[in-house]
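Participant: Read off the chains here:
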Amino acid sequence: MQTNNHTDGLIERLSELHGEELAINREAIDKELAADAEAYQGLGIKLLSIGGGLLATFFFLGFVGLVLTQASEASIFVGLLIMAGAIWLNKTSTNTILDTVLISSYLASFGMIAFGMVQLHVDANAIATVLLILAVITCVVTSGYMHNFFSVLVASGCLFAFVLINDAYEITHLLTLLLAWSYAWMCLNETDLIAQNPQLNARYMALRNGLLFSFIAILAYLGVADFRSSSLQDNFISGLIIIAVTAFVLYAIVRALALRAKDKLMVYVLGGILLASTVFAPAICGALLIVFLSFHTGHRTGIAAGLVALVYFTGQYYYDLSYTLLIKSEIMMASGALFFLAWFILKKQLKRYEQN
Amino acid sequence: MENQRATRKQIHIISRYSNWHAAGIKRTLREEGIYADKAKWAKFIDVALLGLGIAFAVAGIIFFFAFNWHNLHKFAKLGIVQGLVITGVLVSLFANLKPVVKKLILTGVSFLVGLLFAVFGQIYQTGAGTYDFFLGWSVFIFIWAIVAEFAPLWLVLTLLINTTIVLYSEQVGPSWSATTLCLILFALNVAIIALAQWFYRNYADKVPVILFSKIVALAAAGCITISIVSGISVNYYQATPDTLWPALLSMVLVYGFAANYSVRNKSLYYLCIIPLSIIIIITSWIMNLFREDSGGTFFLIAIFVVFSITVLVNTLITLNKTWHANQ
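The listed protein sequences derive, respectively, from chains A and B.
Here the first sequence stands for residues 1 to 356, numbered as in the numbering used here.
Here the second sequence stands for residues 1 to 327, numbered as in the numbering used here.
Keep in mind the hints are simulated off the structure, nothing from the lab.
A few of these clues could be false.
Output of the computed footprint for chain B on chain A, the stretches with three or more beta carbons under 8 Å from beta carbons of chain B [to be verified]:
1) 59 to 67
2) 238 to 247
3) 287 to 297
4) 322 to 333
In silico lysine-lysine, DSS-like type, Cα no more than 30 Å apart, as pairs [said to hold, decoys possible]:
5) K264(A) - K328(A)
6) K347(A) - K77(B)
7) K43(B) - K351(A)
8) K102(B) - K347(A)
Here are the simulated distance ranges between beta carbons [said to hold, decoys possible]:
9) Y169(A) - S233(B): 40 to 48 Å
10) N125(A) - R30(B): 40 to 48 Å
11) A126(A) - N265(B): 41 to 49 Å
12) K46(A) - V252(B): 55 to 63 Å
13) R27(B) - V67(A): 55 to 63 Å
14) A39(B) - I273(A): 37 to 45 Å
15) K9(B) - A244(A): 26 to 34 Å
16) A244(A) - L218(B): 23 to 31 Å
Even for Gly, the Cβ is constructed at its ideal location relative to N, Cα and C.
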């Protein structure tokens with residue numbers, strides 16, 4: 001198989017480079033790569049499996065829902081049972097349809113547990129805490145991609161729920177700091193994290209993508225006027241936080257690329273101007289952070305998500321601006337002119353780097 | 001072959017089962033081009049600055065026109081859009097650009113034709129409904145779609161014709177049931193696929209026609225599925241539509257033909273869509289059969305879906321393996 005050929009090539013190069021000290025468990029690697037190749041059977045079949053799994057789960061849960069409408073304790077119990085079952089079965093399954101059924105059941109079990117607790121009039125904070133703990137336990141217990149990914153989303157959702165339940169809107173900024181910083185840290189320290197131990201290695205991409213989408217979710221909350229609560233004042237605090245994190249990321253990138261002093265200055269000055277102009281639009285700034293991090297680490301999903309977010313949030317920002325169309329048009333043309341100017345000034349220097 | 005780039009996934013898996021240290025992994029990620037180097041960044045900044053400059057400038061110009069739109073004289077409004085259409089067509093005919101670019105420009109101009117009609121309707125308040133709008137639009141880009149031999153443009157035309165028929169049924173013509181309307185759309189889309197395949201049977205590059213056929217086939221399968229499902233799901237006050245049996249018959253004929261084609265050409269795509277459509281139809285039939293007992297029905301359907309899709313996927317995988325056994 002083709003995969004084995006480049007793995008062979010890569011391992012050969014590594015062995016030459018590191019010599020004796022590199023101990024590789026070749027068997028396990030081949031087994032895992034083969035399993036990975038088996039899983040991808042063509043887009044049509046994959047979509048069919050996922051579609052079928054979702055359809056089946058929908059009907060199965062409809063059945064469960066109809067049977068359990070009155071019994072709230074039963075709902076919690078069945079929910080926990082399904083969650084445990086879904087996680088345990090996932091460890092032994094290689095079938096895409098079964099995987100889809102297990103993932104959707106896992107997600108639905110969160111719903112069932114929450115529903116049961118709501119029926120029992122449990123305090124909202126307690127419900128969020130329980131779900132948060134379940135999500136963390138899932139991450140610890142299983143290394144499946146989807147389980148970890150959704151657990152991160154659920155955990156961020158619970159943290160955000162604390163803000164909404166307790167009307168503590170200033171804490172949103174704290175959440176922004178947490179998500180921005182953890183996402184940046186995860187991206188920049190990829191190699192240290194995956195080298196640390198196999199368990200962390202297996203969960204890395206799932207956790208990172210989970211943090212990415214949680215961060216985008218909070219940017220959407222900050223950036224889209226319809227979602228944002230009117231009690232959230234001082235948007236610029238989040239903007240400042242994200243700018244600070246982005247500035248640090250730029251510093252890390254500059255250091256990694258080992259630029260000359262003159263180029264470093266150029267990056268900091270231009271970056272500074274760009275970021276400063278977005279201080280009142282934290283969503284745009286956050287999208288820039290995602291694009292910089294993803295491009296630096298070559299993470300295609302992140303680049304795509306970041307670019308889409310950037311375009312959307314910029315458009316949304318201009319849409320929400322309460323100026324006349326004429327003034328907006330003038331702002332845009334001025335921005336366009338500035339970008340052209342920057343491109344013109346940097347053109348020659350950039351060409352020289354591209355040639356290298 | 002040995003020097004093909006390693007992927008991030010392979011590097012992660014290798015590091016999972018070895019004692020490769022962090023600095024070494026970082027170095028490999030850089031060397032394999034997964035981490036961006038100075039050249040990539042330079043190109044990125046180059047493209048980004050230029051792109052942003054163009055995007056903001058164009059957006060600014062559009063906003064400027066939007067602001068002044070109602071102040072413009074009607075000849076100016078029509079003149080601007082017509083000017084854009086004419087310029088676009090001239091460029092796509094005579095400019096010295098790659099053929100793909102010219103066809104893309106023509107596709108863009110097709111959208112401008114729609115804009116032109118919309119502006120016309122807005123200025124003169126002709127009272128035309130959306131049906132007339134889409135009909136006019138379809139007619140006027142029909143010739144371009146035939147001549148350009150550009151699949152995206154065919155797709156636009158197909159979408160427009162479908163919309164025109166739906167609006168005809170709603171606004172002007174007889175009030176067809178969902179079953180009949182979707183059956184007509186199914187027939188239309190299948191005819192379009194057949195026409196496209198026949199028209200371009202002698203061309204060497206079949207890829208655009210095949211991709212176009214696949215997309216339209218998906219829409220056609222959707223139409224016939226909706227048609228039959230709504231025909232089955234009548235409630236007690238409506239009679240089964242007359243067109244249900246013709247719909248079933250045409251479905252069987254077309255699906256049979258497509259399945260045969262798939263097997264002959266070793267293409268899995270249609271064999272994925274057709275069974276999925278049939279499974280959905282059977283599911284809705286079961287739901288309607290056991291309308292009273294919803295709990296048990298749901299459970300039955302869940303089991304049926306898992307079973308049928310497992311069988312289907314296993315059959316397809318086996319089929320795929322026998323077709324591509326030497327890869």
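Participant: Compare the structure with each hint and give your call.
Facilitator: Here is what the structure says about each hint:
1. 59 to 67: Three-residue rule met by the region 59 to 67 of chain A, so holds; n is 6.
2. 238 to 247: violated (count 0)
3. 287 to 297: Answer holds; 3 residues pass the 8 Å Cβ test.
4. 322 to 333: With 9 residues closer than 8 Å to chain B, the region 322 to 333 of chain A meets the three-residue bar; holds.
5. K264(A) - K328(A): violated (33 Å)
6. K347(A) - K77(B): violated (38 Å)
7. K43(B) - K351(A): Distance of about 8 Å is within 30 Å: holds.
8. K102(B) - K347(A): holds (28 Å)
9. Y169(A) - S233(B): 40 to 48 Å: holds (47 Å)
10. N125(A) - R30(B): 40 to 48 Å: The hinted range 40 to 48 Å holds for N125(A) and R30(B), with Cβ atoms some 46 Å apart.
11. A126(A) - N265(B): 41 to 49 Å: violated (60 Å)
12. K46(A) - V252(B): 55 to 63 Å: Violated, at about 28 Å.
13. R27(B) - V67(A): 55 to 63 Å: Roughly 58 Å apart at Cβ, these two residues keep to the hinted range, so it holds.
14. A39(B) - I273(A): 37 to 45 Å: violated (24 Å)
15. K9(B) - A244(A): 26 to 34 Å: holds (33 Å)
16. A244(A) - L218(B): 23 to 31 Å: The hinted range 23 to 31 Å is violated for A244(A) and L218(B), with Cβ atoms some 47 Å apart.
This entry does not satisfy hints 2, 5, 6, 11, 12, 14, 16, going by the numbered hints stated previously.
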